[in-house]
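With the sequences and hints as input, model every part of the structure.
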Amino acid sequence: MSISRYSGFSRRQLLSGGARIAGGIAVGGGLAACADSAGQEASDGLAARLDTLTTRDALRRPGHFFSIAQFRLLERISDLIMPETDTPGALAAGVPQLIDRMMVTWALPETRSDWLAGLAAIDARARREHGVAFARLEPDTQFDVLSRHDGEALSASDRAYRQMKSTIVEAYYCSEPGATEELRYDPVPGPYRGCVPFDEIGRTWAT
Amino acid sequence: MTADFDAIVVGSGMSGGWAAKELAERGLKTLVIERGRHIEHGTDYTDFKAPWELPNLDAVPEREQVHYGGRVIAASTAHFRIKEDDHPYSVAEGKPFRWFRGYHLGGRSLMWARQSYRMSEMDFEANKKDGHGNDWPIRYADLAPWYDHVERFAGISGQAEGLPQLPDGQFQPPMELNCVEEIFRDRLHETFPTRRLTIGRCAHLTAPTAEQQALGRGPCQSRSLCSRGCSYGAYFSSLSATLPAARKTGNLTIVTDEIGHSVVYDVATGKASGVRVVDAITREHRVYTGRIIFLCASAIGSAHIMLNSRSERFPTGIANSSDMLGRNLMDHVSGLGAGGYMPGYTDQYYKGRRPNGFYIPRFRNVTEDADFVRGYGFQGGASRGDWRRGGGQAGIGAALKQDLRKPGGWSVWLAGFGEMLPNPDNRVTLHPTKVDKWGIPLLHIDCAYGKNDLKMARQANRDAVEMLQAAGFQGVNERKAEPDEPGRAIHEMGTVGMGRDPGTSVLNGFNQAHDVPNLFVTDGACMASTACQNPSLTYMAISARAAHYAAEFLKEGKI
Ligand SMILES: Cc1cc2nc3c(=O)[nH]c(=O)nc-3n(C[C@H](O)[C@H](O)[C@H](O)COP(=O)(O)OP(=O)(O)OC[C@H]3O[C@@H](n4cnc5c(N)ncnc54)[C@H](O)[C@@H]3O)c2cc1C
Ligand code: SF4
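Same order as they appear, the protein sequences are chains D and X. The numbering of the first sequence is my numbering, which starts it at 4 and goes up by one. The numbering of the second sequence is my numbering, which starts it at 1352 and goes up by one.
Keep in mind that the hints were calculated from the coordinates and are not lab data. A couple of the hints might just be wrong.
[Stated by the list, open to error] Think about it this way: if two alpha-carbon atoms lie no more than 25 Å apart in a straight line, the pair counts; the simulated SDA-like pairs of lysine to any residue are:
#1 X:Lys1400 / D:Glu184
#2 X:Lys1757 / D:Glu203
#3 X:Lys1434 / D:Glu113
[As the list claims (entries may be wrong)] Quick list of the computed label-pair ranges, beta carbon to beta carbon:
#4 X:Gly1790 / D:Ile204: 51 to 61 Å
#5 X:Arg1809 / D:Gly205: 36 to 46 Å
#6 D:Asp202 / X:Arg1809: 43 to 53 Å
#7 X:Tyr1419 / D:Pro142: 40 to 50 Å
#8 D:Asp202 / X:Ala1799: 47 to 57 Å
#9 X:Arg1740 / D:Gly66: 27 to 37 Å
#10 X:Ala1821 / D:Val107: 46 to 56 Å
#11 X:Thr1545 / D:Val107: 50 to 60 Å
#12 D:Gly66 / X:Lys1802: 52 to 62 Å
#13 D:Ile204 / X:Leu1805: 39 to 49 Å
#14 D:Gly66 / X:Tyr1419: 21 to 31 Å
#15 D:Cys198 / X:Ala1821: 21 to 31 Å
Beta carbons are placed, not taken as given, at the ideal position from N, Cα and C, and that holds for glycine.
Below, the structure is given as structure tokens:
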């Protein structure tokens, strides 16, 4: 756990950072307050807290599933997994919005809890290792935290994370920029050609 | 008394479409009764939707999965899926059976994987030779011209191979194998000179004929969106081909949302006089009268209607004096096979999504012996991994994106389909007490594999593993040790079997009920054995042939 990083922030900074990131809602303060009591116990409890606090989130957006704080976290994770490079990334492709919509129109309560738990676990890791919410880490640190979380969660067959990652990946490559700019998309290929040098195509087929 | 129609066909799927076409083309006023809803060719399909136009990544909402047996299914194909809780059936304890149905105009001809293979002389002779089941009352020569006929009309793409166990047909140009499949083919032939790998024979147009074009059908575009329905009409279905042809005659009437309840038997004439239906929406009953009746409601569906057609003369179901009605339910032994990957060849790719794979025709008990009777063929395919691997592979960010820009390695799969022996104890009956929404007794299925089936399954796994290893595939694993439960191959057949002897079979060599001369059953129910080939092409040929003879018999005043 990287206490130094955490202790570099004053309580005031944490609160204001929280306020900025979470849109000035009580949630930010609540989480930051918890983060103050650094330590395993507190951070373990956080996952649950993130969940309960945000469900009571006064600023839940009508017609949406994720609270603002959760949605910001989902945006960061989507962006880190599928960033903008020389082609658009998950944000431009609307991945977080699509997932939020799926939670409302598609998911059963168990699946929704999986998603909340998956997000909370990433936040909890940030707090455990750095003492602050994931959203408030520097991008490089976020990348580092999520990379390690990714490796560990996948090798531990963590269902919630596996689902989150594969859905973000799928939502990206099924999006118009993901399919047509990042990969090759051909809606009407015509006769099948069985042996074509890869260089002639250049990228993976989107479908 | 004049009948409402010359001919009534129950069911509009693979067999019913053919029966309707052939009967209508012979000038008979034909009624098709379909229990499911109307589907409009083209406008009711979803094949022009891009991935990003499909909500929820094309998954049916999780709360609706209960209607589909808890399965995750694509929302873009849900219009072809029944809500299974609306259509229950029961199975004998400890004997699971999966009954996979398609209740809509066109039936499962809209849902099938389009693999199309002829049965051979050795298949028609098998029952007689080894004593399992009834001797087929027909031989390959009886069906060969009808295979020609249906292939020319339906359009089957494939490669002639000159194999006695898998007769060649009237093929449109074959699709291509990809590089790794070609390597597999060549190495397989080196190690096992009598085993052959050929491109799948499939009901896709690769060079449409004038007749096919006149029906609005075009060449296959390799999109692999077939399970959504194909607006190009490039694969054969009742909606792309047989029903439009039948409609052209002006002799066709179709009613949808009407459930065939029973065949009405007239004691005075000793013939069937019509079909009783239940309106699926209003639940009203009505009877359509007809001079000949074709049951094409799928193997189990047709048996169901017959079992429910009880009269004083036939207390256990129409045409059941042999007590064979509902018996000899079979499927293919499936779930067998193996998979592996091929290192290298990463500079090779393909263009298009071929809606077809390769086929390894049966070799057991043809060119190689076995400790069981009959045999199996393998379907398979090789392809490179796509972006989906990214969900489970460690790594995030630009590096992950970069990696997924390149396709993954080559992998291959082999899926065996084995011949299941007829066994009269494998049967369907009416449930003694339970009825469905429409008051029709539920169907009860009692079916399990026998010793030969299971022995064959194990050998199919061993052969699959051995072939892949011999060809240099790595990480080769059998798919599973035991076969899937019967029904899973979706090749269910038997139940209203053909035979020479009225004492041990329900239908004769013209698919005509021994007991009721104007009643014909031409779907998979009629099969006296399963062979190991995908069966639908045979149902088509048998339906066309039976329709031809039925029309002749009617004209000659024989029925
Ligand atoms: C996913 C899938 C893949 C397949 N792949 C292949 C393949 O590659 N090759 C192959 O050969 N076969 C394949 N099959 C099997 C093939 O679809 C069937 O063999 C074929 O459709 C059977 O034809 P049928 O006419 O007997 O029945 P269906 O095509 O099922 O048609 C029966 C029709 O009767 C209607 N009906 C049922 N009961 C009643 C009633 N009581 N009253 C009125 N109407 C009724 C149904 O609604 C339906 O429209 C596949 C099937 C599926 C589902
Ligand atoms: S692959 Fe061929 S048959 Fe299938 S949907 Fe595409 S064009 Fe139609």
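Cross-check of the supplied hints:
no., hint, verdict
1, X:Lys1400 / D:Glu184, "18 Å, holds"
2, X:Lys1757 / D:Glu203, "13 Å, holds"
3, X:Lys1434 / D:Glu113, "23 Å, holds"
4, X:Gly1790 / D:Ile204: 51 to 61 Å, "58 Å, holds"
5, X:Arg1809 / D:Gly205: 36 to 46 Å, "45 Å, holds"
6, D:Asp202 / X:Arg1809: 43 to 53 Å, "44 Å, holds"
7, X:Tyr1419 / D:Pro142: 40 to 50 Å, "43 Å, holds"
8, D:Asp202 / X:Ala1799: 47 to 57 Å, "53 Å, holds"
9, X:Arg1740 / D:Gly66: 27 to 37 Å, "34 Å, holds"
10, X:Ala1821 / D:Val107: 46 to 56 Å, "52 Å, holds"
11, X:Thr1545 / D:Val107: 50 to 60 Å, "59 Å, holds"
12, D:Gly66 / X:Lys1802: 52 to 62 Å, "60 Å, holds"
13, D:Ile204 / X:Leu1805: 39 to 49 Å, "44 Å, holds"
14, D:Gly66 / X:Tyr1419: 21 to 31 Å, "27 Å, holds"
15, D:Cys198 / X:Ala1821: 21 to 31 Å, "22 Å, holds"
Every hint from the earlier list agrees with this structure, and none is contradicted.
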